[in-house]
Amino acid sequence: MKAFDYHRPAAVGEAAALLATLADSRPLAGGMTLLPTLKLRLAEAPALIDLSRLSEARGIKQDGDALAVGAMTCHADVAASPLAKALIPGLAQLAGSIGDPAVRNRGTIGGSLANNDPSADYPAAVLALGAVIVTSRREIPADDYFVGLFETALEPDEIILAVRLPVPRAAGYAKLRNPASRFPTVGVFVADTSAGVRVAANGFALGVARLPEFESALANHFAPDAVAGIHVDAEAFSSDIHAEAAYKAHLVGVMARRAVSTALELRGPP
Amino acid sequence: MALSFTLNGKPRQVEAAPSTLVSELLRDHLGLTGTHVGCDTSQCGACVVLLDGRAVKSCTLLAPALDGASVTTIEGLAKGEVLHPMQQAFHLNHGLQCGFCTAGMVMTAVALVADNPSPTEAEVRAGLEGNICRCTGYQNIVASILAGAAAMRSASDVAA
Numbered sequence: 001m002k003a004f005d006y007h008r009p010a011a012v013g014e015a016a017a018l019l020a021t022l023a024d025s026r027p028l029a030g031g032m033t034l035l036p037t038l039k040l041r042l043a044e045a046p047a048l049i050d051l052s053r054l055s056e057a058r059g060i061k062q063d064g065d066a067l068a069v070g071a072m073t074c075h076a077d078v079a080a081s082p083l084a085k086a087l088i089p090g091l092a093q094l095a096g097s098i099g100d101p102a103v104r105n106r107g108t109i110g111g112s113l114a115n116n117d118p119s120a121d122y123p124a125a126v127l128a129l130g131a132v133i134v135t136s137r138r139e140i141p142a143d144d145y146f147v148g149l150f151e152t153a154l155e156p157d158e159i160i161l162a163v164r165l166p167v168p169r170a171a172g173y174a175k176l177r178n179p180a181s182r183f184p185t186v187g188v189f190v191a192d193t194s195a196g197v198r199v200a201a202n203g204f205a206l207g208v209a210r211l212p213e214f215e216s217a218l219a220n221h222f223a224p225d226a227v228a229g230i231h232v233d234a235e236a237f238s239s240d241i242h243a244e245a246a247y248k249a250h251l252v253g254v255m256a257r258r259a260v261s262t263a264l265e266l267r268g269p270p
Numbered sequence: 001m002a003l004s005f006t007l008n009g010k011p012r013q014v015e016a017a018p019s020t021l022v023s024e025l026l027r028d029h030l031g032l033t034g035t036h037v038g039c040d041t042s043q044c045g046a047c048v049v050l051l052d053g054r055a056v057k058s059c060t061l062l063a064p065a066l067d068g069a070s071v072t073t074i075e076g077l078a079k080g081e082v083l084h085p086m087q088q089a090f091h092l093n094h095g096l097q098c099g100f101c102t103a104g105m106v107m108t109a110v111a112l113v114a115d116n117p118s119p120t121e122a123e124v125r126a127g128l129e130g131n132i133c134r135c136t137g138y139q140n141i142v143a144s145i146l147a148g149a150a151a152m153r154s155a156s157d158v159a160a
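Taken in sequence, the protein lines are chains D and L.
Each residue of the first sequence is one higher than the one before, counting from 1 in UniProt numbering.
Each residue of the second sequence is one higher than the one before, counting from 1 in UniProt numbering.
Think of the hints as simulated: they come from the structure by calculation, not from any bench.
Among the clues, some could well be false.
Unchecked claim - Simulated restraints, written as ranges between beta carbons of each label pair: (1) L:G53 to D:A43: 23 to 33 Å; (2) D:Y247 to L:A69: 21 to 31 Å; (3) D:E265 to L:R134: 47 to 57 Å; (4) L:H29 to D:E14: 41 to 51 Å; (5) D:A219 to L:G53: 57 to 67 Å; (6) L:D157 to D:D65: 54 to 64 Å; (7) L:D67 to D:P156: 19 to 29 Å; (8) D:A180 to L:S118: 27 to 37 Å; (9) D:A20 to L:D67: 41 to 51 Å; (10) L:Q88 to D:S216: 53 to 63 Å; (11) L:E81 to D:D65: 53 to 63 Å; (12) D:A245 to L:E81: 35 to 45 Å; (13) D:A180 to L:E81: 33 to 43 Å; (14) L:G9 to D:A195: 23 to 33 Å.
Claimed, not checked - Part of the chain D face toward chain L, derived, beta carbon under 7 Å: (15) M1; (16) A3; (17) F4; (18) Y6; (19) L34; (20) P36; (21) P101; (22) A102; (23) R106; (24) E151; (25) T152.
Even glycine gets a Cβ: it sits at the ideal position worked out from N, Cα and C.
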């Protein structure tokens, strides 16, 4: 790997100042995407700002009617958290399905959201739950946060500190995993929230997006059959060697039905 | 930069560039070549070590992450000439063929059983998602881990 300057600040202000002053510097969270990208020389960073010592970005706690997850919390910790499992079991289940055990021990929710990979799992949950991304300078509603392919509303020197996820009445996630890479080909997160039913899918060519037709169908009747037959336009997907766009569009409906089933199972009997 | 950590139970101080990968540090700087590098892209799991007891891929970890932490490599499992129960289980169940992936398999298995002392076969298979073996077809690896889990349980019963 090419040499880089390395900083490990203990305070958020210091980390943001380093990012603002060191040209082309990059924040490092769990490194599960950034390090392979640097190793393959798909990206270059003259300086890395390691966020691992920022205590403000750690921990899982209840914050009113929401679950607050520190940005540097790894997927394994969300998956195992009794609080996460009690408040949003669909989220804990999603976290436990990311990558593989070793990746889950390093990869973080903040890193996943900052990267906004179209095949990442967390963005669908964060968007469907109507979460708020708490950063070093403001609070960004999920609806304003995801801008496009690997693009977010974050400024270059802005650091995610936490994600505040409103506790839904029911929520579930389903995905079709690429059998080799284990990344989702398409994943759908459904949430019955106090702001109505919200549904988001990853795997679109431009990344995560909400599915308004699925939302209104489920608002009428929160059951798997309610979304049967909804047409999903293949235009929004790109074909690749693993799946044609039309197949991915078809998968949205399949995964949405499974996600609703999961949400109902996790909610338990009324 | 100066790094201070516990390596296989012993305190170590090393000097390494921040861009050093833990796999490089272990193999090239410290001579611990039991940790293998297979794909070097965090997919194959041959390089798995334990960082504060958790399985991590050392090819996708910067050396500074070790600072203040405790690291266990495959060299740290056996007690002298006595193999760790999981190593012994791989030996008895023929849980390897060429052996290249084995260190990573064993380290992943030790972490899995520490979290879940009585895993089902399905849980073992799910736990191996990040470890690739190109020889065995996994059957004997899974058998080894189930046997190793049982051996680790009885070892902890004896210790208790």
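Structure-based check of all given hints:
1. L:G53 to D:A43: 23 to 33 Å: 31 Å, holds
2. D:Y247 to L:A69: 21 to 31 Å: 44 Å, violated
3. D:E265 to L:R134: 47 to 57 Å: This hint is violated: roughly 37 Å between Cβ atoms.
4. L:H29 to D:E14: 41 to 51 Å: Given about 30 Å between the Cβ atoms, the range is violated.
5. D:A219 to L:G53: 57 to 67 Å: 45 Å, violated
6. L:D157 to D:D65: 54 to 64 Å: Distance hint for D157 of chain L, D65 of chain D is violated at roughly 45 Å.
7. L:D67 to D:P156: 19 to 29 Å: Cβ of D67 of chain L to Cβ of P156 of chain D: about 27 Å, so the range 19 to 29 Å holds.
8. D:A180 to L:S118: 27 to 37 Å: 30 Å, holds
9. D:A20 to L:D67: 41 to 51 Å: The hinted range 41 to 51 Å is violated for A20 of chain D and D67 of chain L, with Cβ atoms some 25 Å apart.
10. L:Q88 to D:S216: 53 to 63 Å: 60 Å, holds
11. L:E81 to D:D65: 53 to 63 Å: 58 Å, holds
12. D:A245 to L:E81: 35 to 45 Å: Check failed, 59 Å falls outside 35 to 45 Å.
13. D:A180 to L:E81: 33 to 43 Å: Distance hint for A180 of chain D, E81 of chain L holds at roughly 40 Å.
14. L:G9 to D:A195: 23 to 33 Å: Given range 23 to 33 Å: violated, Cβ gap about 52 Å.
15. M1: Holds, because the Cβ-Cβ distance from M1 of chain D to chain L comes to roughly 5 Å (cut-off 7 Å).
16. A3: 5 Å, holds
17. F4: 6 Å, holds
18. Y6: With a minimum Cβ separation of about 3 Å from chain L (threshold 7 Å), the hint on Y6 of chain D holds.
19. L34: 10 Å, violated
20. P36: 6 Å, holds
21. P101: Interface hint status for P101 of chain D: holds (6 Å vs cutoff 7 Å).
22. A102: 5 Å, holds
23. R106: 6 Å, holds
24. E151: This hint is violated: E151 of chain D lies away from chain L, its Cβ roughly 24 Å from the closest one there, beyond 7 Å.
25. T152: 23 Å, violated
Comparing the model with each earlier hint shows violations of hints 2, 3, 4, 5, 6, 9, 12, 14, 19, 24, 25; every other hint is respected.
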